[in-house]
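Peer 1: Okay, here's what each chain looks like letter by letter:
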Amino acid sequence: MNYTFIVKVENKPGVLNRVSSLFRRRNFNIESLAVGRTENPDVSRMTIVVDCPNGDVDAHKLEANLYKLVNVIDVQDVTRQPSVTRDLALIKVKVGPERRAEVNGLADIFRAHIVDVAPDSVIVEITGTEDKIEGMIELLRPIGIMEMVRTGQISMTRGALDGVRRMPGTVGSRYDDIMDLAEMMP
Amino acid sequence: MKLKGAEIVWECLVREGVEVVFGYPGGANMPIYDAMLNYPIHHVLVRHEQGGAHMADGYARASGKVGVSMATSGPGATNLVTGIATAMMDSVPVVFITGQVAAHLIGGDAFQEIDVTGITLPITKHNYLVTRADEIAETIREAFYVAKSGRPGPVLIDICKNAQVESCEFIYPAEVELSGYKPVMHSPRPLLDEAVKLIEKAKRPVILCGHGVIMSKAEEELMQFAVKTQTPVANTLLGLGAFPASHELNLGMMGMHGEVHTNLAIQNADLILAFGMRFDDRVTGTLKTYAPKAKKIHIEIDPAEVHKNVFADVPLVGDLKTVLRDMIPLLDEYDHDEWKQEISKWRSEADARSIMNWPEDGKLYVAHLIGDIWKASGGGAIVTTDVGQHQMWTAQYYQLEAPNRWITSGGAGTMGFGLPSAIGAWFAAKDQEIWAVAGDGGFQMTAAELTTAVQEGANVKVAIMNNNFLGMVRQWQEFFFEKRYSAVNMRTPDFVKLAEAHGVPARRVTSRDEVDDAIEWARKTPGPVVLEFKVEQEDAVYPMVPAGAALHEMLQRPVKQ
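If you're matching them up, the sequences are chains A and B in order.
Quick note: the first sequence, position 165, residue 165 per the working numbering, numbers continuous.
Count along the second sequence starting at 1, add 1000, and that's the number in the working numbering.
Hints are computed from structural coordinates only; laboratory data are not their basis.
There could be a bad hint or two in this list.
[Claimed, not checked] With a cut-off of at most 30 Å between alpha-carbon atoms, the simulated DSBU-like pairs for lysine-lysine come out as follows:
id	chain 1	residue 1	chain 2	residue 2
1	B	K1197	B	K1308
2	B	K1182	A	K8
3	B	K1148	A	K12
4	B	K1217	B	K1203
5	A	K8	B	K1308
6	A	K68	B	K1148
7	B	K1148	B	K1217
8	B	K1217	B	K1002
9	B	K1148	A	K8
10	B	K1182	A	K68
11	B	K1375	B	K1524
12	B	K1308	A	K68
13	A	K68	B	K1295
14	A	K12	B	K1002
15	B	K1182	A	K12
16	B	K1065	B	K1148
17	B	K1217	B	K1004
18	B	K1065	A	K68
19	B	K1288	A	K68
20	A	K12	B	K1004
21	A	K68	B	K1004
22	B	K1345	B	K1375
23	B	K1288	B	K1308
Input sequences plus hints: build the corresponding full structure.
Peer 2: Shown next as structure tokens:
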């Protein structure tokens, strides 16, 4: 199952390498990783989607290992938290003037935009959840996708809610989660 | 005060209380070596950077302080890698300072430019690339703090040559402020209460004492805890010495080559109290059948070790000494007489098979020799080892009464560790007797450091257990590969001549009746001494839990006819 983590790190050179290298070292597969600046210039924020075959046991392991990195400030698991999740895709579709209206119609349905038009192609920009983008891709594929790029998922919890923090010693740590691991250990 | 970067390096080391640095100069750290001449820190010129890394490691383990090792860029730094990994696996605080090419050359494949922070990223607790002089003071301050706090470990600082020669205002930061790094000291009270409840219910408890006891300096608290609750104490390889071997509650070493009664105690326990240890595979055997009846309380500073291999019913993340201090007043007294009697019954059955109780047959067995060294040194020496059979025999038979005297590469299993780590330990404890026990294989990996020992007058006694085999691999080939010996038969140089060529007095011992005299001679001869023991070639370490077997499925030494 895919888990989504929000990881705040110090904005210093090499930190992305430390985080990605940790996933390799501990044998985890990253599905997507988006990183960027935040409201605080000293802090970068990552949204990391990771495959955790052993569920919460893996999530715990991952959080604990992330905290071993000196530059990691905060880790939250937002997988099951109400949150806003977005991914942005640019899709270049091979289409001439005769089928352009069809692509335009699809874009309207998905609230996507045509952001570039060339004689035999258009670029569609779509923002939304993973599912929505996948849905659009499915429909564009028969028309002909020449190129595609995606930013990777970014997430933010709704309202005043935070994600789950399993590590003792961090703000608002939840020991209940650790106790629940008993039944799940392999 | 305006200073050059290279001077700032030494200003900081002096303020961190560094007495000795083990290193090797080269192109990219020459400014640091030039500035060194003006500072009161002793520098040990090693013969290979790996030796320097192990010396700093041995110094750190014997002193409980942070060790420091230096190397130049490129191959100098890559030669440190084995030593860094060794310190990482055993959580030893060492600060490595390497030179790097000038910042404007980075990325251009300049002479002796190697991406050292990249290479050492997974084998350091943290590392830094310093490109400007004004970053040096803060970085060194941070590095020492990170190395020794929380779960200790090696930290590497790669300093560009331009940063060493440029000048800047020297300000030594009063405090370290790291937003993301705050080791937890105390465990929360509700969890302590849960742990106390499990201890109350327990009839067959065992304490597993790991390296964390020594790193946290919690030996006294461990003793109080064990005595108050009358709980027997089993040791991991690196936990040896944290609890006195002669104490009636001491069980000795657990795991693959642990004592039979210790492993049986763990397998039959109803409560495991894991103190500063990480349930390594060499300690647990197969996890499926590990301590099946026991609840587990795990006190550990590194949250990533909790639930990693063995699920903890009560995970207590925190500093061991602090957590034990919080917990001891909450505990009642117990006697656990029945349980202790059961364990002593297992112990007396196992003792009958011990090689120490064999009748004399004139041959040299390593186990006996370790016993002889133990007797001669009154059990109080610092003992370092390489890795393999001799390491296990030393762990089994050099009975330790105090911590910081047992220096061995546990997690990494690094051959060639014994001699250099002994030299490093000598700088921490110059009045103490120091023995480096090595095999013929491992000794040859770092034998060049004999010259370093001579140059420094390091008073270390080297005992080479020469069986002309890579003994542990041979043993595995005998047990698990139908005795098909592959690349284990080893021709060795004349170790006596080799030692003498380095200026080290040496003797070869081939028979039982020469042993005591040789050991006494080594002890009385000042400075480094080498003893080569021609030992029984195909002896095996018992007991042994084969890899992947359950902890109670031990192969035991055949009873002698």
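Peer 1: Which numbered hints are broken by the structure, listed smallest first?
Peer 2: 8, 17 and 21
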